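Chemist: Listed here are the chains, written in short residue letters.
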Amino acid sequence: MFAALFGSVEQGIIYAIMALGVYLTFRVLDFPDLTVDGSFVTGASTAAMMIALGYNPLLATLMAIVAGFIAGCMTGLLHTKGKINPLLSGILMMIALYSINLRIMGLSAENAIVKPNIPLMNSDTIFSQFQSFWSNLGIDDALTNLIKNTLGFQSAPSTWGTVLVVLIITLIIKFIADWFLKTEVGLAIRATGDNKRMIRSFSANTDSLIVLGLGISNALVAFSGALIAQYSKFADANMGIGMIVIGLASVIIGEAIFGTKTIFRTTIAVISGAIIYRIIYAIALRIDWLDTSDMKLITAVIVILALVLPQYIDKRREKRRKLKRRTERLGEQNVAGGNHLA
Amino acid sequence: MLKLEGINKIFNEATPDEKIALDNINLHLAPGDFVTIIGSNGAGKSTMMNMISGALTPDFGTVTIDGKDVTRLPEYKRSHYIGRVFQDPMAGTAPSMTIEENVAIAYSRNAKRQLRSGSNRERRDFFRTSLEKLHLNLENRLNAKVGMLSGGERQALSLLMATFTKPAILLLDEHTAALDPSRAELITNLTKQLVEEGNLTTLMVTHNMQQAIDLGNRLIMMDKGQIILSIDEAKKPTLTIPDLMSEFEKIRGEKMNSDRALLG
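Each protein sequence line maps, in turn, to chains A and B.
Those letters in the first sequence? Residues 1 to 342, per the UniProt record's numbering, in order.
Those letters in the second sequence? Residues 1 to 264, per the UniProt record's numbering, in order.
Worth flagging that the hints you see were computed from the coordinates, not collected in a lab.
Fair warning: this is a prediction, and the values are worked out from it, not measured in the lab.
Each residue gets a CB set at the ideal place from its N, CA and C atoms; glycine is no exception.
Hints are not guaranteed to be accurate.
[To be verified] Derived Cβ-Cβ restraints for the label pairs, each shown as a range:
#: 1; chain 1: A; residue 1: 308; chain 2: B; residue 2: 120; range: 58 to 66 Å
#: 2; chain 1: B; residue 1: 23; chain 2: A; residue 2: 321; range: 57 to 65 Å
#: 3; chain 1: B; residue 1: 17; chain 2: A; residue 2: 117; range: 51 to 59 Å
#: 4; chain 1: B; residue 1: 10; chain 2: A; residue 2: 85; range: 53 to 61 Å
#: 5; chain 1: A; residue 1: 53; chain 2: B; residue 2: 77; range: 41 to 49 Å
#: 6; chain 1: B; residue 1: 59; chain 2: A; residue 2: 53; range: 55 to 63 Å
[Unchecked claim] Facing chain A, from chain B, some residues (calculated, C-beta under 7 Å):
#: 7; residue: 57
#: 8; residue: 60
#: 9; residue: 61
#: 10; residue: 70
#: 11; residue: 72
#: 12; residue: 91
#: 13; residue: 101
#: 14; residue: 109
#: 15; residue: 113
#: 16; residue: 114
#: 17; residue: 117
#: 18; residue: 147
#: 19; residue: 148
#: 20; residue: 151
#: 21; residue: 152
[To be verified] Straight line, CA to CA, 30 Å or less: simulated BS3-like cross-link-like pairs of lysine-lysine:
#: 22; chain 1: A; residue 1: 196; chain 2: B; residue 2: 250
#: 23; chain 1: B; residue 1: 145; chain 2: A; residue 2: 319
#: 24; chain 1: B; residue 1: 145; chain 2: A; residue 2: 182
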């Protein structure tokens, strides 16, 4: 159980990068971007293709980020220059990317134009490279001993290196995002999502800001896809289906639990939301009468609950607050009245 | 400072809904001029403002700001030179961002936006001293979300944001119309103060005749897409509402038909 949950935390931290991308479009730009389902796979397939061809995994991941950025910019151009509705721009780009992703993966094969998947079983990845450095440090053995002998768990994760490296990557991205959203360009992007007319009257080109915002968002999504492909040692054309809903679920769950008072706090909320989602997912999978194929339904239910419950809780809280206030006031009046009589 | 020459604009041309919005408009503003614009609904006041700001482009004619022909320049580029306050108090600020962030956005209007922090200690001090002019205690609420402010406070903030980078032209589009009388007076006084301090070349549309007479050194009246009356600096100080009404009747041969315009 511990090892299984540990795995979902690792994955959750990687998916958090995708969720930060979704936060950037969905919340900051107020643009419901469905490109995500496609650009996640674009990142995964670009990285997997290059790794399969023997390139350095770091370079492959970098190219995946660039590919995602371009995909996002295309969606932005469809919307701003082509005047296509935001949802439709994303959907169009998403289905276009499906074919493009098959072609990208096809580049890794000598005898085929398209490929539906790329296994990376014996290839070097970012994680395997880090692992060879990490295992020399001997920290894993020490921690495994601690968990098995001292804390008494049956199983322990095979390594702590992966969780460390993904945590560092995700936190770096979080801090860059926090900083970026406070820069002059970042402020202009946020204002674009908030009040387009206002920011235009302060000499900002909302069209290029939308394109830039979508580019950055999908670059993050593709980065996440590239890492997931290397983590699970597999890239597949269908691995992105429902990704936007998972991203939204993470954003909404995180915001509901941790709040959105400042940007610093919101980005932490989004990352935590992604991890919590993965944990719920892992627990749901362990229930006997549920099948793996039920996961999409469970995801939908989680999102619906995360959307509806906070409203309900807020209402309850306000009602209780009001009732408390009223009884307090009644008490004050009684006291005042009593004094008067005396 | 601002020159409109031979501006024409027809909406829905060659359809049954054709409407001549602006009909050969010529207007020159010297630096420091403060022109108030009155006219009934549909006279073309807002269309003219949109022509100047770049939200609309004319069918014919040229717009020149500070000697530069800006007729084909898109709105976001032109707004380097133009500060604008809208009628809707919600339109000029970003509600989910803080006061400081809003002011920082306005501050970076003049230069190309870069990847550097929108606010630092030096700028924050400048923002504080600027906000003090409003006397609304906003300088001590820099981290409050603008959406929490009242309509009057938001409009005052919009006005400050539009003016404190000293734009070449200031456009005020009925910016007190949506406020209650006491708030409207506050904004009117603030307008006077900020325009005088910055010696800003200003165009103000208003439905309030008294306000049009009280503010500024020049006044123009528009009707059916034309400038039908222009009062210059010499005559403006002695102008009264009855003067304006009788001038209108003389020119158009009919009584002024807008009740809103009468309710000064």
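Chemist: So, for every hint listed, does it hold in this structure?
Modeler: Each hint, compared with the structure:
| no. | hint | result |
| --- | --- | --- |
| 1 | A:308 to B:120: 58 to 66 Å | 42 Å, violated |
| 2 | B:23 to A:321: 57 to 65 Å | 60 Å, holds |
| 3 | B:17 to A:117: 51 to 59 Å | 57 Å, holds |
| 4 | B:10 to A:85: 53 to 61 Å | 29 Å, violated |
| 5 | A:53 to B:77: 41 to 49 Å | 45 Å, holds |
| 6 | B:59 to A:53: 55 to 63 Å | 58 Å, holds |
| 7 | 57 | 15 Å, violated |
| 8 | 60 | 25 Å, violated |
| 9 | 61 | 22 Å, violated |
| 10 | 70 | 13 Å, violated |
| 11 | 72 | 15 Å, violated |
| 12 | 91 | 6 Å, holds |
| 13 | 101 | 6 Å, holds |
| 14 | 109 | 5 Å, holds |
| 15 | 113 | 4 Å, holds |
| 16 | 114 | 6 Å, holds |
| 17 | 117 | 6 Å, holds |
| 18 | 147 | 9 Å, violated |
| 19 | 148 | 13 Å, violated |
| 20 | 151 | 15 Å, violated |
| 21 | 152 | 17 Å, violated |
| 22 | A:196 to B:250 | 44 Å, violated |
| 23 | B:145 to A:319 | 25 Å, holds |
| 24 | B:145 to A:182 | 15 Å, holds |
Checked against the numbered hints above, the structure violates hints 1, 4, 7, 8, 9, 10, 11, 18, 19, 20, 21, 22; every other hint is satisfied.
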